[in-house]
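Visitor: Below, each chain spelled out in residue letters.
Number of protein chains: 2
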Amino acid sequence: MMVNLNETAALLLNNDNFLLLCHISPDGDTVGSATALARGLVSKGKKVKILCGDKFTSEYSFMFDGLEMSEEEPRFIVAVDVADPKLLGAQYKKEYGGRVDLCIDHHSTNVIYAAKTCLEPNSASAAEIIYLLLEEMGVEITPEIAGCLYTGVSTDTGCFRFSNTTVRTFQIAAKLAEYGADYYNINQSFFETKTKTYAALERLALEGMRFYFDGRCAVICVTRSMYDETGSNEAETTKLANLPRQVEGVKVGVLMRELEDGSFKCSLRTHGEIDASLIAAKLGGGGHVGAAACTIEADKDKSTELILKAIEPEICDEDSALK
Amino acid sequence: MMVNLNETAALLLNNDNFLLLCHISPDGDTVGSATALARGLVSKGKKVKILCGDKFTSEYSFMFDGLEMSEEEPRFIVAVDVADPKLLGAQYKKEYGGRVDLCIDHHSTNVIYAAKTCLEPNSASAAEIIYLLLEEMGVEITPEIAGCLYTGVSTDTGCFRFSNTTVRTFQIAAKLAEYGADYYNINQSFFETKTKTYAALERLALEGMRFYFDGRCAVICVTRSMYDETGSNEAETTKLANLPRQVEGVKVGVLMRELEDGSFKCSLRTHGEIDASLIAAKLGGGGHVGAAACTIEADKDKSTELILKAIEPEICDEDSALK
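Residue numbers (this note's numbering), protein chains in the order written: chain A, 4 to 326; chain B, 4 to 326.
In case anyone wonders, no lab produced these hints; they're calculated from the structure. Since the model is a prediction, treat every value here as computed from it, not as a measurement. Incorrect hints may appear among the rest.
Identical chains share a label here; the pair holds if one copy fits it or two copies do between them.
[Claimed, not checked] Here are the computed lysine to any residue pairs in the SDA-like style, where the Cα-Cα straight-line distance is at most 20 Å:
| hint | residue 1 | residue 2 |
| --- | --- | --- |
| 1 | K89 | D104 |
| 2 | K197 | R219 |
| 3 | K47 | T145 |
| 4 | K268 | E195 |
| 5 | K242 | F194 |
Pulled out of the complex, with its shape left as it was, chain A reads as follows (with noise of 0.2 Å):
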């Protein structure tokens, strides 16, 4: 059943012991949107925990910061920014899958999965619908509500520069501002470091770059001998992905990344002509009209190959839409 705002206020106003999960590979999206509605229902006398498929890195600590698990036994499951149960990774999956009561998401692709969804797929990020959701609630916005709901404001939309990027977003940047979300360091550490590591990583990815169909489409490929001769690591790979579509001209930027089980995630962006998410779910995979992925179980040479020929038609659609 499909849910409004408002409903979706009232169903966690009247249930206590939450449990709220984000998804596997965490962004600052599901995991801003997790710990702030989280302090949103804590601030309501509730009971919550948060969990996730994957462990947190340390960038995401701070929005944790001063916030207390509940140790009781969940009875109101939320899923924040999950647009299917896979994502919830295998054990959560089997555990929670088929028990999510509630599941607030921004993503088109929603497979519809839980008891209620309340979902608005032309937010950017599911911390809009979090932040209107809270005051909606009547939940007081403190700097560290304002913190964690920047971080996924900014986060989902490349920090104002994506196609889903709205009048509302810049609205709600803004109030965020004003009720004193630390901006400056979570760009900063989300927009403006690199590790030394990425640094090597970054420059080896770009040394490789190759180009497609006249230009229009560019690849990057990080393969796991890559880690090793920099340093770095896959949880650093996510901000290779919008760097491909930055050289002029392209209007497909893909990622190619190996996994540990030597499959490849290809991860697209497109400037929003391209629907990447359509891409995408050629290969089994989804997302946004802007930037999308899938997993594609074969060697690099293949894997190249798929994607390619699942772009291919696309960018000659646009082609011949332009003449």
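Here the structure of chain A is known, so what remains is to put chain B in place on it, guided by the hints.
Guide: The following block gives chain B in isolation, referenced to the frame of chain A:
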């Protein structure tokens, strides 16, 4: 004489045949501020002309679309975002430097050379001041004006990431988005697009990055020969300035670029704890706390030595302050 916003608005409304002057090496703020002000004045029935000591590059041309330039002899001269008459360039400094009627600026280093100065050193950009000024003047903010102003607001804050970004910056950005600024394409153009030649220059410059003072200072150096090697050019180097500071642990990032006469322009970037303008001032330059520049008339080795010498006490001061 210092004037406030209200007095500045009155001055502008009571004069005509304006000449608006931008600073050399024009950036998004000086051009965005001048074109927005020009459009506002034209909407009030005034005649306006804009001049700059350097040519405007193509990325700025959209701001001039549909803006008619007056051929009349200027009768009221306004310098926008120009802290010092020498930043008008040799010709215009000589021609207009001594008879600027009004200077609208946000540089704390402004040398107060105009008959009247409207200075707000805490403003992240001149464009923020122009926005408030246009509101004060009762100008209707069209999407075109909003786009010019958004360009200034976003470029002078590195898309809201620099330490000069305030709550007001976000509020004004939200207003400009509401007024129809084409923020997506502006952000793409200024922050998310690299020419292939720039991408090559960036790779080369990053390969040569050197660290000093226990990794707290990072320096990249662009020599004239690197332009030949990559097909890039001097205008493309400005984007490099932020890269050294991005490396974890770096407090002062430096871009040194060789000018045509063999001297080196040093662009400094800090996170705001260290005052970049103070370092630049030691070598005859200036700027803001987080971003400043100076030119050193010496070869690469000597210039490096001098800039490091200027940086050392600031980094050491900070070090002892931390103890």
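Visitor: Against each hint, give a clear statement of whether it holds in the structure.
Guide: Right, here's what the structure says about each hint:
1. Proximity of K89 and D104 under a CA criterion of 20 Å is satisfied intra-copy only: 16 Å inside one chain copy versus 66 Å between copies.
2. For the identical chains of this complex, K197 and R219 are inter-copy neighbours only, at 14 Å across copies versus 28 Å inside a copy, given an alpha-carbon limit of 20 Å.
3. Within a single copy, K47 and T145 get their C-alpha atoms as close as 13 Å, which meets the 20 Å cut-off; across copies the closest is 44 Å, which misses it.
4. For the identical chains of this complex, K268 and E195 are neighbours neither inside a copy (25 Å) nor across copies (23 Å), given an alpha-carbon limit of 20 Å.
5. For the identical chains of this complex, K242 and F194 are neighbours both inside a copy (9 Å) and across copies (15 Å), given an alpha-carbon limit of 20 Å.
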